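2 protein chains.
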Amino acid sequence: MGNLMKAVVTTTDKQTPLIDKEIARPEVNGHDVLVKIAASSMNPVDVKQLEVAQATQQERVLGFDAVGEIVAIGADVTDYQIGDRVFFAGELGRTGSNAEFEAVNEALIAKAPTTLSDIEAAALPLTFLTAYEMLADKFGIQMVADGAKGKTLLIINGAGGVGSIMIQLAKWLGMTVIATASRDETIAWVNDMGADEVVNHRENYVEAIKSLGYDEVPYIAVLHSLEQHFESAAALIGTFGHIGAIVQSMNPLPVGLIKNQAASLDWEFMFAKTNAGQNIASQGTALELLTGLVNDGFVKSTVTQTVDGLSAQTIADAQKEVSQGSMLGKLVIKY
Amino acid sequence: MGNLMKAVVTTTDKQTPLIDKEIARPEVNGHDVLVKIAASSMNPVDVKQLEVAQATQQERVLGFDAVGEIVAIGADVTDYQIGDRVFFAGELGRTGSNAEFEAVNEALIAKAPTTLSDIEAAALPLTFLTAYEMLADKFGIQMVADGAKGKTLLIINGAGGVGSIMIQLAKWLGMTVIATASRDETIAWVNDMGADEVVNHRENYVEAIKSLGYDEVPYIAVLHSLEQHFESAAALIGTFGHIGAIVQSMNPLPVGLIKNQAASLDWEFMFAKTNAGQNIASQGTALELLTGLVNDGFVKSTVTQTVDGLSAQTIADAQKEVSQGSMLGKLVIKY
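Order-wise, the sequence lines are chains A and B. Going left to right, the first sequence walks through residues 441 to 775 as the numbering used here numbers them. Going left to right, the second sequence walks through residues 441 to 775 as the numbering used here numbers them.
The shape of chain A in the complex, shown without the other chains (with noise of 0.2 Å):
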């Protein structure tokens, strides 16, 4: 029985869809680690992911953000050996970090940094590769210290998950940061992240934004409903000015509003690289980035609440919370 481990899988049963069940432990090969996993933390994605597997049948184990101990490598491994302390997000397809063990590509991994916990490592892969690629690969920012320097991008939902990290990256970027928050908690977290302005994604905040001096904005990351903010963001953006969203929109949009600005509506899905097989090594590299900036100290942990102990159970109450919509920063579970 070494070979098996502790998992959590979905089931097609829609009352009970998280079992707890023992799998076989994952081989590594090619250029695959093996981790040992202490901690991940839950993505609105998980709650989607479960809806995928349940709707195409498939027994799948979920989680897409890691930090742990590497326990074996593959024979053509690298950059990476036994013992280091990884962190990632990983990629869809894949087994998932709802388990004891997880076998991840080194293209897609990191050291972790030395001055986080497991818990608060454990919160930040996924939101910031999110925050990463909006801001390098859709907005086209340089990803150094004061890239885009005098910039302003406005934050919708600046306290989510990628929120919380986006805030923090762009004020190393040198960026003016307005980000909209709607309650007192979540906006002294917002004000905490790094915040140049909050306003209320509640209120009127086109207006609020151009009382504030703003009459235009370059760079706007929609990271809530797209449908509930297009508009907004139409009235606000600049010329050649950049829209990013993650959220998907089912409903048609009248993207038209930004014709005359010449702007751009960008996707990011952080996921689309290894969907693809494009481009991986760039989330490897990226989270070396991330580890550099905590460990320097312009990054810290976007960590809010924890559970403790991998179990169906666990996963299950993670994902309730999740999928409110209105979290504040990032839940972890600690295994």
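The hints are simulated quantities; they were obtained by calculation from the structure and are not laboratory data. In this text, all values refer to a predicted model and were calculated from it rather than measured experimentally. Glycine included, every Cβ here is placed at the ideal spot set by N, Cα and C. There's no promise every hint is true.
[As the list claims (entries may be wrong)] Which chain B residues face chain A? A few, computed with CB under 10 Å, are given here: (1) ASN691; (2) PRO692; (3) GLY696; (4) LYS699; (5) ASP706; (6) MET710.
[Stated by the list, open to error] The calculated lysine to aspartate or glutamate pairs, modelled on EDC-like cross-linking and capped at a C-alpha distance of 20 Å, are: (7) LYS699(A) - GLU671(B); (8) LYS699(B) - GLU667(A); (9) LYS699(B) - GLU671(A); (10) LYS699(A) - GLU667(B); (11) LYS699(A) - GLU491(B); (12) LYS699(A) - GLU531(B).
[To be verified] Reference listing, derived: stretches of chain A covered by chain B, where coverage requires no fewer than 3 residues with Cβ under 8 Å from a Cβ of chain B: (13) 566-580; (14) 682-691; (15) 694-702; (16) 711-718.
Following the hints, put chain B in place on chain A, whose structure we already have.
Showing chain B alone in chain A's frame:
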């Protein structure tokens, strides 16, 4: 009367929207040059701006493409002198080229290709700037020979004004160009412009393109109704792909279709730069490149029709022709 000139001006009368009128010849100051117009070409934006002029009850001189000789220069002009033969697309907010003389900022112009007649040269500026900016500013392609070697570009409506010049520019960039065309003469035309593949946009071109061996396409220029073509473009776009558009879309569009590809929808509108006063010298620089490409034999004129003489009648006839939306190449008015 020496300071008067012939012009075609807009009226608020729907029956006679354009009339011939003697108006003051523009004075030149600062960085402006005064050009005696030899020929202009007709673009869809003229039709749209006539509607705007009527709706806002403004008497305007339209015309956004011109070639001619410089007859006076402002005190601050450094790069041009009297006698230079130049071409340009100008800007929306000023008196246009449907007149004997036009004042234009030297940042927006370039010397016209020596190998082209006035008629041939007048066809090119606005459409080239549109094609150039979509590929350079929006798709991020480096504007050097073979700067996108081997990459595939799908051009919806390859035979129109922008499509005809974009095919040629893309071939210089080393791209594989799939152009759509539906009539015998437009199919022959896009082949003549250099298209590698031609598919019919009145049939199922998604299937046609896939059966040619292209499972997905990284760059798609929709140079016709975006409403009509967005879903097909979404079915073809690759991971991190770009869908560029130039025709205003009045209806909402299902932009969520390109979310999982992490793709972008980019609006290109060449007057956005002068409207915003941002980076306007890039347009003169782009036209200098065009002149070089023509003189070196990489690009030929896209003119297909000529009308003789500047008058309300010739401009109205040209607008009517262009507004039918099935242009082959460009229509030029020889003054």
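The hints, checked one at a time:
1. Hint status for ASN691(B): holds, given a least beta-carbon distance of 7 Å to chain A, under 10 Å.
2. About 3 Å separates the beta-carbon of PRO692(B) from the nearest beta-carbon of chain A, less than 10 Å, and the hint is met.
3. Because the smallest distance between the Cβ of GLY696(B) and any Cβ of chain A comes to about 4 Å, under 10 Å, the interface hint for this residue holds.
4. Annotation: interface hint on LYS699(B) holds; nearest CB of chain A at approximately 5 Å, less than 10 Å.
5. Interface hint status for ASP706(B): upheld, as the beta-carbon distance to the closest one in chain A is roughly 4 Å, under 10 Å.
6. Given hint, MET710(B) at the interface with chain A, holds; its Cβ is 8 Å from that chain's nearest Cβ, closer than 10 Å.
7. For the proposed pair LYS699(A) and GLU671(B), the alpha carbon gap of about 18 Å is at most 20 Å, so the pair holds.
8. For the hint linking LYS699(B) to GLU667(A), the alpha-carbon distance of about 13 Å falls within 20 Å, and the restraint holds.
9. The straight-line distance between the Cα atoms of LYS699(B) and GLU671(A) is roughly 18 Å, inside the 20 Å bound, and the hint therefore holds.
10. Pair hint LYS699(A) plus GLU667(B) holds up; C-alpha atoms about 13 Å apart against a cutoff of 20 Å.
11. Note on LYS699(A) and GLU491(B): the hinted pairing holds, with a Cα-Cα distance of about 17 Å set against a maximum of 20 Å.
12. Proposed proximity of LYS699(A) and GLU531(B) is supported: the alpha carbons are some 17 Å apart, at most 20 Å.
13. Evaluation of the coverage hint for the region 566-580 of chain A: fulfilled, as 4 residues show C-beta separations to chain B shorter than 8 Å, against a requirement of three.
14. Residue count for the region 682-691 of chain A with a Cβ under 8 Å from a Cβ of chain B: 5. That meets the three needed, and the coverage hint holds.
15. Only when three residues or more bring their CB closer than 8 Å to a CB of chain B does the claim for the region 694-702 of chain A stand; here the count is 8, and the claim holds.
16. Under the rule that three or more residues need a Cβ within less than 8 Å of chain B, the assignment of the region 711-718 of chain A holds, with 5 such residues.
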